[in-house]
Structures are given as structure tokens and as C-alpha cells.
Amino acid sequence: MSETFHIVVCGGIVPDPLQTLEPVAGANGPALKNEMLLPHVLDPWAGHALYEAAHLAKARAGSKLWLVSLAPKAKLQQVMMTVAQRVPLELVAVDGASGGFTDSFDVAAALAGAIEAIPGLDRTRLLLFGGWESASRAAGATLQMVGERLGITEQFQGVDELTVSDDGSLRILERVEGGQHQVSVCSGPPAVLGWATGNLPEPANSPQIGMQNMRAIMPALQKAKAAQVTAGCTFASVALPKQQRETRVVKDAPVEDIAREIVDWIIAE
Amino acid sequence: MSETILFLAHTEVDGSLSRVALEALAASISLNGLLVAGLIGADVQAAANGIGGCGARRFLGVAGEGFAASCYGADAAAVEALVRAAQATIVIAPQTSRFARCLAGVAQRLGGRIDTHVTNVASGPKVTRWYYRQRMEAVVERVQRPWFLLVESGTAPVWEGAPGAASLELIPVEVSPRTRVAGRQAPKAEQQTIRPDAKLLFVAGAGWTKKQADGAAHIDDAARLILGFLSATGASLGSSKSLVDLSGEGQAVLPFLSHMNQVGQTGSTPRHPKGLSTCCHGEEPHVVGWRFIRERRAVNLDANCGWSRGKADVLYVADAFAVIERVNAMLAERGVH
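For the record, the sequence lines run as chains A and B. Residue 269 is where the first sequence ends in the working numbering, and the numbering goes up by one at each step. Residue 337 is where the second sequence ends in the working numbering, and the numbering goes up by one at each step.
In short, the hints are calculated from the structure, not lab data. Glycine is no exception: its CB is placed at the ideal position from the N, C-alpha and C atoms. Among the hints, a few may not be true.
As the list claims (entries may be wrong) - Examples of chain B residues toward chain A, derived with CB under 7 Å:
| hint | residue |
| --- | --- |
| 1 | Ser97 |
| 2 | Gln108 |
| 3 | Arg133 |
| 4 | Glu174 |
| 5 | Arg180 |
| 6 | Ala186 |
| 7 | Arg224 |
| 8 | Asn304 |
| 9 | Arg309 |
Stated by the list, open to error - Pairs of lysine to any residue, SDA-like flavour, derived with a Cα cap of 20 Å:
| hint | chain 1 | residue 1 | chain 2 | residue 2 |
| --- | --- | --- | --- | --- |
| 10 | A | Lys75 | A | Lys223 |
| 11 | A | Lys223 | A | Ala117 |
| 12 | B | Lys199 | A | Ile267 |
| 13 | A | Lys251 | B | Val139 |
| 14 | B | Lys126 | A | Pro30 |
| 15 | A | Lys251 | A | Glu261 |
| 16 | A | Lys242 | B | Gly310 |
| 17 | A | Lys33 | A | Lys58 |
| 18 | B | Lys199 | A | Glu177 |
| 19 | B | Lys274 | A | Gly179 |
| 20 | A | Lys73 | A | Asp16 |
| 21 | A | Lys251 | B | Ala213 |
| 22 | A | Lys242 | B | Gln134 |
| 23 | A | Lys251 | B | Pro273 |
| 24 | A | Lys225 | A | Ile118 |
| 25 | B | Lys274 | A | Arg248 |
| 26 | B | Lys126 | A | Val238 |
| 27 | B | Lys274 | A | Ile267 |
| 28 | A | Lys242 | B | Val139 |
| 29 | B | Lys199 | A | Arg260 |
| 30 | A | Lys251 | B | His281 |
| 31 | A | Lys251 | B | Phe321 |
| 32 | A | Lys242 | B | Phe321 |
| 33 | B | Lys274 | A | Trp265 |
| 34 | A | Lys33 | B | Val139 |
Isolated chain A, as found in the complex (with noise of 0.2 Å):
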């Protein structure tokens, strides 16, 4: 149980999913429709994967936290008075665009100079978290290109466990199709874990370790460092999908009717 990690989580925000999202043109391509007054959230997976990694560095002590995110910082201050009740942390924060419609290639140049500039992280034992897509751009794109970055080429994506063996070696669960797992064993750091869900719930909030964080977490927004995200592509068009059905509501019928017509209705071809 000696190893230690240095582990940074690639995080960024996203509305918050039971928000209705239009599409709009902005000056520098698509936007989101009041996307500024949106209340918004850490990014889901994302959160899963930070969640992960404060269970880790928490079982193998001398182990530290970083959440990286890029983001506008006023939007970035809201989401962490929530985040930072969860997990103790140390933000690194990087003011730009955060929505969808940005470039991975881009956010991943930026997410990279965030990471090594990071004051005495040891590459050598780092492991890069992240979500394994984002609920914005939805790409599966930017933590591998920032691993690239980094020279990773240890990379795992659609993670649902990590188990650390007594040697230093990390046992990888990462999701396959049908339903199945693919094990991995990378001999240990450094490491691309893009995350799916994993297994951990979301922890409970802590005003304790709320407040710890936000004593570093407002300085470090003020530092935050502006970065240039642009769209990298031109969008032909963008909208919502026109899948707006006929629903007919069967209201105050017998049981029997209606189990008999679902039981046709599965075993038509």
C-alpha cells in the first residue's frame, strides 16, 4: 500500500440536465440560448470520475487531489460552492468557453498547460481523470488528446473500476460491448483513466470540507488564467431534432385490454 498518486481530474460544467437547451447563432458560432443563466453542473461523468479519485487518494495516503476545469470563471464559482462540499480538492481553474460547441483539440491544449504548470506534480505518478465523454460536446475526445499531450499512452476509457495491486500495478475495468468488461493491467502511473460510472455514489455534502476548499479555491479563481477556445469547425446548421410524436393516451381502460394490446404489440414483427 505504498504507492502514492498524484491525481488530476479533468472536469468541466454543463447545464444542468433537466434544463430544456435551444440552440442559437452566437457571434463565434452556435451558443446555447441564455447559456449564461443556465444553472449549471459539474459535468456527470466527470463528477464520477472525481468521485473516484478522492476515494483513491484517500486510501493511499500522501496521495493529492487536483480538479481541473475550464470554464467561465463566474459560472465555474457557482458549480464548486456545491462541488467542494463533496471531496477535498484543489482547483486549478482556467477562464474560457465551456459549452459544447468548442473545439476538443483546443480545450485540450489548454487543460494540458494547466496540468504542467501545476506546482510539484510528479508526472511520473500521475493518473489523468476525466469523464469518458462530457454531457456537452459528447466526443470522448479531449482526455485523450490531452494525454497525448502529456505523452500518455497508457489510456483507458469507459471506466467503471480501478483496483491498485500490492505491487503498483493498476487491475482496469473498462466498458465493452455487450454488456461486458474489458480487464487491463498497466504495470502503474502514468495513466489516462477516462470514467464511466464507476461504482461509488455521489458523497454526502460536507460544510467542513466546503469550507477548507473555498479558503484556495476563490484564490484560485482569481488566478485563473484566460484561454482561447474556438469552434475548429463550421456548423451547417444546428438543432433540435424534430422527433415530436402523436402520443395516444390510453386513459381509463381495463387492465386486460391494455396488457393484451402491449403483448400484441411485442410479439408483432
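Since the structure of chain A is already known, use the hints to place chain B on it.
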């Protein structure tokens, strides 16, 4: 300028190409560029012969035991070598877990760009893909090359051309990754999971674990009904996030559900011909999980359920416990199992 299109595929365990790979091949051919085929696997000659009549100018391969299974270090090196050898400007590959885990890294390595979850490839080229987890659809063009495209399954016709003897050029690639693939771990035989090949997706919502009309929750009844339905129909089992997350809140849960069953915003977006949702009450997050379900029906007690109205073809306003009990009985009477 004419594009050089590299159709990229990896072989399956039996040395063949998957259906989604043949769909990606059809998408590659549709661009009318200079087509090159690039194959990765333990042995790729049979796969090359299988698509021998596709019209590719060259058949390139990276082969060996080190390329039999998905491993980032080996796959990234193989893809990089193939793209360089083909001098490709466009790379089209199937959206498999294997390529999803390495192509973005290779795009970075080669100074290219990537779009994933592509649902249409048109001349230009222009590609269609989703943003915000299947909530918006965009058509994009890029000037940077090489441009990598991962094409989703079921979005292009399967290439059905003639096989033929392919003159395969093997590209030597030396790799020594620090990772060893130790195999695959399948869910236990009795475990219910997302089954991609099932004709029906059954989605269980959080309502199954809530208090019913008698003021009590009936977890055991819910489990019996759901498992009975799955046993009879062979349906794939999905669940809403709220139902999966109840376990983290210390509430009673259906013991056979895990995050692997989750559909929607942080789950999968499965593709089945039919979907039956029960006791689901969310709105947009559930719609995300249903985006690619063709025929959709729902059973719940709320006639005004926002996600059902306008999203499902039929909404049965009824008690799912009673309905599924009768459905199971009727399936048994009709000998469906």
C-alpha cells in the same frame, strides 16, 4: 482537391469484420474519394479478402498477436502507421469501443481533428453528429486534415459487395505498451443487462420502488414482475438514473440494477426497434436514452407526464404492477418465452 479516404477497421475474434465496420465502409465509399482500406488485428488477410471488391486502391494492414485485443498503446501506434502510409486526409472508422478509446489520441498525435458519434456522412464532406448527449443535431465541415470520423452503427447501409483476393501490404509496427489485456469479464448469466441485440428495451423507472396505493412499497413484487417479463421476452433492461442512484441514498432498490443498466444523460443511448417504459417520470434526460428507439410505449400513472407526451407513440395511464402482471400471464398463455 480529391480526398484520400482511409477506411479503418479492426477484426473481430473470428477474424471477420463487424456489421458496423461494413456500414463504415459504405459511408467511406459514398464520399467518392481515393479509397484505402486499413485493417488491424491478429490476422487481417481474411478480412481484407472479405472486402476485396470494395474498390479500395490499397489494402493496408497491421497484424500480430499484439493487435488482437484493444489496447491504447498498440492501437494508437497501428492507426498512426496506417494513416501515414495511406497519406489519408479523411479517416472513417466504426464507432466501436476499441476505436472510441484511441482515435482522438491519434488525431492529436497527427495534428488532425476528430468528430465522433457521426450519424451521416455526406459529400463536401459534411457530417452530422449530436451535441449535448443527443439533444441537438449539427452538421459540420472542417478544413483541418486528417479528419477522423467515428460512424455510429445503424446509420449507413451495410456494404454488401463481393469478396475477392486482396493484395495486402502489411505495415510493420513495433509496440511495447505497459498494459496487458487480461481478458473480458461478462456479467453473470442471471444478471440482467443492456442487450444490444434484443428487439425490445424495457425501462424500469423509480416508480417501481415507491409506495403504492396501499401506502407500502412492494420491492419484491416489482422484482418478480420485471424479471418475469424479461425472462419471457428476452428484452434488454434499462433503468433511469434515479432508480440506480437510490442505492446511494440508502433506499430499497431492485437488486439486479446497476449503473450498467442506466439509460439517458449519464447512461447509454441504446438502439432497439421497440421500447416499453414503465414508471418513468423524468423529462428530457429520459428522452435522451430513447433517442434511437423506433417504437415507444409507456405505462405510468401520470397522463401529463412530460416525457411521454410527444415522445411515446402510446401512453397507457395505468398501474404498471397490474399491467405487467397480466402481460406476463398472457405471454405465458401464448407460449412466449
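To see whether the hints hold, each was checked on the structure:
1. Ser97: Since chain A brings a Cβ to about 5 Å from serine 97 of chain B, closer than 7 Å, the hint holds.
2. Gln108: holds (4 Å)
3. Arg133: holds (5 Å)
4. Glu174: violated (13 Å)
5. Arg180: At about 5 Å, which falls below the 7 Å cut-off, the nearest Cβ of chain A leaves the hint on arginine 180 of chain B intact, so it holds.
6. Ala186: holds (5 Å)
7. Arg224: violated (16 Å)
8. Asn304: Violated, because the Cβ-Cβ distance from asparagine 304 of chain B to chain A comes to roughly 9 Å (cut-off 7 Å).
9. Arg309: holds (5 Å)
10. A:Lys75 <-> A:Lys223: holds (15 Å)
11. A:Lys223 <-> A:Ala117: holds (13 Å)
12. B:Lys199 <-> A:Ile267: holds (10 Å)
13. A:Lys251 <-> B:Val139: With Cα atoms ~40 Å apart, lysine 251 of chain A and valine 139 of chain B exceed 20 Å; violated.
14. B:Lys126 <-> A:Pro30: Measuring from Cα to Cα gives roughly 17 Å; hence the hint holds.
15. A:Lys251 <-> A:Glu261: Holds - the C-alpha atoms of glutamate 261 of chain A and lysine 251 of chain A are around 13 Å apart, at most 20 Å.
16. A:Lys242 <-> B:Gly310: Holds, at about 11 Å.
17. A:Lys33 <-> A:Lys58: violated (40 Å)
18. B:Lys199 <-> A:Glu177: holds (17 Å)
19. B:Lys274 <-> A:Gly179: Holds - the C-alpha atoms of glycine 179 of chain A and lysine 274 of chain B are around 19 Å apart, at most 20 Å.
20. A:Lys73 <-> A:Asp16: With Cα atoms ~17 Å apart, lysine 73 of chain A and aspartate 16 of chain A stay inside 20 Å; holds.
21. A:Lys251 <-> B:Ala213: Distance of about 18 Å is within 20 Å: holds.
22. A:Lys242 <-> B:Gln134: holds (12 Å)
23. A:Lys251 <-> B:Pro273: violated (25 Å)
24. A:Lys225 <-> A:Ile118: holds (13 Å)
25. B:Lys274 <-> A:Arg248: At roughly 16 Å apart (the allowed maximum being 20 Å), arginine 248 of chain A and lysine 274 of chain B satisfy the hint.
26. B:Lys126 <-> A:Val238: Holds - the C-alpha atoms of valine 238 of chain A and lysine 126 of chain B are around 13 Å apart, at most 20 Å.
27. B:Lys274 <-> A:Ile267: Judged against 20 Å, a Cα distance of about 11 Å means the pair holds.
28. A:Lys242 <-> B:Val139: holds (15 Å)
29. B:Lys199 <-> A:Arg260: holds (19 Å)
30. A:Lys251 <-> B:His281: With a Cα-Cα distance of about 17 Å, the restraint between lysine 251 of chain A and histidine 281 of chain B holds, given a limit of 20 Å.
31. A:Lys251 <-> B:Phe321: The given pair, whose Cα atoms are some 16 Å apart, holds under the 20 Å limit.
32. A:Lys242 <-> B:Phe321: violated (33 Å)
33. B:Lys274 <-> A:Trp265: Satisfied, since the Cα-Cα distance of roughly 9 Å is no more than 20 Å.
34. A:Lys33 <-> B:Val139: holds (19 Å)
Hints 4, 7, 8, 13, 17, 23 and 32 from the list above are not met by this structure, while the remaining hints are.
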